[in-house]
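Line by line, the protein sequences give chains A and B. So in this note's numbering the end of the first sequence lands on 190, straight run, no missing numbers. So in this note's numbering the end of the second sequence lands on 1191, straight run, no missing numbers.
Don't read these hints as lab results, they were simulated from the structure. Warning: the hint list may mix true and false statements.
[Unchecked claim] Each pair of labels, with its calculated beta carbon distance range:
1. A/35 with B/1047: 55 to 61 Å
2. A/30 with B/1030: 36 to 42 Å
3. B/1078 with A/34: 34 to 40 Å
4. A/50 with B/1021: 46 to 52 Å
5. B/1032 with A/140: 55 to 61 Å
6. B/1153 with A/50: 21 to 27 Å
Even for Gly, the Cβ is constructed at its ideal location relative to N, Cα and C.
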Amino acid sequence: MIARQTYLGISIRTRRSRRRLVIGYWLTVLVIMAAASYAVSLDPGALQHWWTLLAIGGLYGIALTFLGGYGQIGPMPDLSGDRTPAPRWVPIEAADALLSRRARAAHPEHPASPLDERDLCLRDAAHFQAYRLTREWLLPLLIAAFIVFQYIYPRSQFVAIPVYAFLILVIYNLPQSLILWTEPDMEASE
Amino acid sequence: MNAELIFFGKRVDMAPRHRRRTLVILLYASLAVLMAACWFLTHWRGTGAYVFFAALIACRLFLGGYYPGGLVKPFNGKVPHRSEMPPSLLALKLHVYHPVLAADEASYRSDERELSQHDHAHYLAYQAIIFPVLLVWLLASFRIANPAIIAWLAMPPDAIYYGLSLIAVTMFLTLPQAVLLWTEPDMDSDL
Chain A
1 MIARQTYLGI
11 SIRTRRSRRR
21 LVIGYWLTVL
31 VIMAAASYAV
41 SLDPGALQHW
51 WTLLAIGGLY
61 GIALTFLGGY
71 GQIGPMPDLS
81 GDRTPAPRWV
91 PIEAADALLS
101 RRARAAHPEH
111 PASPLDERDL
121 CLRDAAHFQA
131 YRLTREWLLP
141 LLIAAFIVFQ
151 YIYPRSQFVA
161 IPVYAFLILV
171 IYNLPQSLIL
181 WTEPDMEASE
Chain B
1001 MNAELIFFGK
1011 RVDMAPRHRR
1021 RTLVILLYAS
1031 LAVLMAACWF
1041 LTHWRGTGAY
1051 VFFAALIACR
1061 LFLGGYYPGG
1071 LVKPFNGKVP
1081 HRSEMPPSLL
1091 ALKLHVYHPV
1101 LAADEASYRS
1111 DERELSQHDH
1121 AHYLAYQAII
1131 FPVLLVWLLA
1141 SFRIANPAII
1151 AWLAMPPDAI
1161 YYGLSLIAVT
1171 MFLTLPQAVL
1181 LWTEPDMDSD
1191 L
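All chains, full assembly: derive it from the sequences and hints.
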């Protein structure tokens, strides 16, 4: 399921190293988001400078794509692998021209077929677990945090942004984190 | 998934897919109407929670999944807790008391195919829930960066956040079950 054995020069072949990556990722995200929220609440005018927006947007973009799953970046393959349409019948000489890159990738004989049956099961199961965790733990926690912070700190718009930004990150990256956390050690490649 | 719905003591055949799809459309339309009515009555002040409770009731009576009752079997595969207390008179009068018999326990557990469908429905629902959350975040960011961008909106920004959050929570409670009801092909009728 995991697309590569090294990521950013670090080996992620073993489960232990992948767990370190996941813990490091979420700790970094929490620290950066807390620091950015605090800085913005001290000087809301800073957000009207294009360079601040660019820096925050860039960091957030890196955070969103760091664990992969939505493209070719990161340790996870593109998880939308089963959305590719089944190739329709076309004259053989026109096939190459007509089949899109993704349809070619989905062809069972194509070497770059994105996700096999086990991967799809694992992906769906990870999303079920992520859904359950978000529903039972994260959402109540975030709602409670939102209410408490709004009560302590009535400038609600400065609370809404980090809370929702964090929720988006969790929705995007929790399934990948669960897969990286649970997949067993991989065999070393030649 | 159950092929029949027991609604206030009446057994309704839900085996054909078109009936389940009609139910899903009716449920979401009712929730949307309730939300709009609450906005026109009090601008969701004090009434926004009614939408949340309506979604919970819809889960208990029609959808199931995370709650006992409804069409979708419990996602956790557990048999609902059997109370030693006698049922309330109201529950008996409304025909909403469904005792869990020992012989029925197997019907609450999902087989391998159903488990795989549950997982896939959650995967699909997970993709959709991001949108209302993303909209709130974008609006909140625009509001701070350049308030003039959203000044033309007729609703106050806090009301928009609240409304979108309510939509996200409602989707979160109901969407996997709705996906399952929508996609499952016609079943063999038990009636």
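Verification of the supplied hints:
Checking the proposed 55 to 61 Å range against residue 35 of chain A and residue 1047 of chain B shows it is violated: the Cβ atoms sit about 38 Å from each other. The hinted window of 36 to 42 Å between residue 30 of chain A and residue 1030 of chain B holds, with their beta carbons roughly 39 Å apart. Here the CB-CB span from residue 1078 of chain B to residue 34 of chain A is close to 38 Å, well matched to the stated 34 to 40 Å. Between residue 50 of chain A and residue 1021 of chain B the beta carbon distance is about 48 Å. The supplied range of 46 to 52 Å therefore holds.
Checked against the given bound of 55 to 61 Å, the beta carbons of residue 1032 of chain B and residue 140 of chain A, roughly 25 Å apart, lie outside it. Checked against the hint of 21 to 27 Å, the C-beta distance between residue 1153 of chain B and residue 50 of chain A comes to roughly 24 Å, which is consistent with it.
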